[in-house]
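Q: Spelled out from the first residue to the last, the chains are:
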Amino acid sequence: MFEPVIGIEVHAQLKTESKLFCSCSARFGASPNSNTCPVCLGLPGTLPVLNKKAFEYGIRTALAFNCKVAEISGFDRKNYFYPDLPKNYQITQQASPVGVNGYLDVVIDDETRRIRIKRVHLEEDAGKSIHEGGDITGAVFSLEDYNRAGVPLLEIVSEPDIRSPKEAYEYLSMLRRTLLYLGVSDCKMEEGSLRCDVNISVRPKGSDSFGTLVELKNLNSFRAVERSLEYEVKRQSELASENKEIIRETRHWDEEGQTTVGMRRKGLAEDYRFFPDPDLPRLIIGESWIEKVRSDLPELPGERKARFIRDYELPEYDASLLTDTQQLADYFEEAAKEYGHAKTVSNWIMGELLRLMNVTGIGIESVKIRPCDLVAMLKMIDKGTISGKIAKTVFEEMFTQGKSPGDIVKEKGLVQIADEDELTKIVDLVIQDNQKVVEQVKAGKDRAIGFLVGQVMKETKGRANPQMVNELLRQRLAGEN
Amino acid sequence: MRLSKEDIKRISDLARIELNEEDESLFAEQMSGILRIVNKLDKVDTSGMDQMVTPTGFTNVLREDIALPSLDPKEALFNAADREGAFFKVPRIIEVD
Ligand SMILES: [Zn+2]
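Protein chains in written order, with the numbering used here: chain A, 1 to 481; chain B, 1001 to 1097.
By construction, these hints were calculated from the structure, which means they are not laboratory data. It cannot be assumed that every hint is accurate.
[As the list claims (entries may be wrong)] Below, a list of computed lysine-lysine pairs in the BS3-like style, where the Cα atoms sit at most 27 Å apart:
1) K1089/B <-> K217/A
2) K1005/B <-> K128/A
3) K1074/B <-> K166/A
4) K87/A <-> K1089/B
5) K128/A <-> K1009/B
6) K87/A <-> K1040/B
7) K87/A <-> K1043/B
8) K78/A <-> K1089/B
9) K188/A <-> K205/A
10) K1089/B <-> K343/A
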């Protein structure tokens, strides 16, 4: 039996206004080369100056991942030639990353797994190449857009602590959730603001040796990470069990074929010749700076989930789902505080709200129902103004129109009929029209009364108070005897 | 320390500078001489001294995160050897086998 040994490198674009070392806009989607300047184009004689917010985001993330923040941090040059890199070196943090030796706890099947984080460091992104004539192998020319060159990136490198494709998926989900809670990145894989590289080897289960490392690329979703790892675990385990050689290489995930394909290997080993960037003075991160950033940390997803279980007595499943995003958790919490009975609020959010959000593709930030509207609706159910069944209709109307539940109930005439005289009239009418069933009930077939209740509900379009209808029917039928 | 012709070849490959054999011999000689001079620094006693990364002695030089206008793409592309639309156009990237 073989077990996989997996490590993951994540690159997250930081959500700053400007680039890491110049004042060009860092926004995605501008027209080609319109966000460039002499600094990010690598023109001679320019001087990079570090973006304070980006650096503090680095400290913030390092703290959130339980890292030790460097006392002295700095930037190094990584030298290599590639057209998307105008300076012919990338400014990164090789020798003194902002954070080291952290961890992230991931819950899998009710079990907490601690994945160690080796380092968190800042670096600049490269530009974007468009290969004319299809892919890189067939292209004659490449077109370069340097808008992305110099955009701040945070690299988060795990130790090889991940032991299954599913664990890799959960690690990435939790990492992404944490970055979103921190507000440091948009984490949009489709826009490339979150990217991941994975390395995997296999070894006999229980062994503490390491096998030959294979790097996986072209992973455009967390699902792609999981699938490609499943494929690689199988491929490598088969090779290993037949005592065949596993080649150290980079493999491309082919989404269509659901396989990994080995890429051509370079003849020369990379030699990046790292050295400290003399243009960038070092950073002395004192205790007071760290404490200031620490005091600004939000409640993180794991903490918030634990608090929901503790304070609102929610099941783990509910707490996990509700803390998926900060906005959803805020939404729940606002409603739960106002209403009191948290589980009822949770049921409506996890049931109706998430269902409607899924169907319409609307995110929580654009949902028209305010938490106070949800509470108002729940109180209407409690008071008997509307039935639980009608409430679902009201909720849908609230979702599509954004009106208050009171207005919808009034407009649509959905108020529950709990007026005895009014209900009695309808009950009598139903009794008159369904004499056969009435006979059955009188003959002792108690279940048949359900049919009569149903008829009353039908007459009132679901607006009758079912309990009252039941009582009234029994009264009238008993009285007829 | 003496640099061999192989060292020079490796360095010129990394720097993407094409040298002929004559150049390689010449630069091996010249660069060995440069290294001999620089190596004298090894004799200086630096124990107890901090590493100096920048000569300025500055630390924590930071700017606020404010976006300012960039170059006009026309200006950005002014010195480009080749262009297409608002893109820099470069020869295709050849993977080394
Ligand atoms: Zn710039």
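Q: Evaluate each hint against the coordinates.
A: So, going through the hints one by one against the coordinates:
no.	hint	verdict
1	K1089/B <-> K217/A	holds (26 Å)
2	K1005/B <-> K128/A	violated (37 Å)
3	K1074/B <-> K166/A	violated (49 Å)
4	K87/A <-> K1089/B	holds (16 Å)
5	K128/A <-> K1009/B	violated (31 Å)
6	K87/A <-> K1040/B	violated (31 Å)
7	K87/A <-> K1043/B	violated (34 Å)
8	K78/A <-> K1089/B	holds (24 Å)
9	K188/A <-> K205/A	violated (36 Å)
10	K1089/B <-> K343/A	violated (60 Å)
In summary, the numbered hints that this structure violates are 2, 3, 5, 6, 7, 9, 10.
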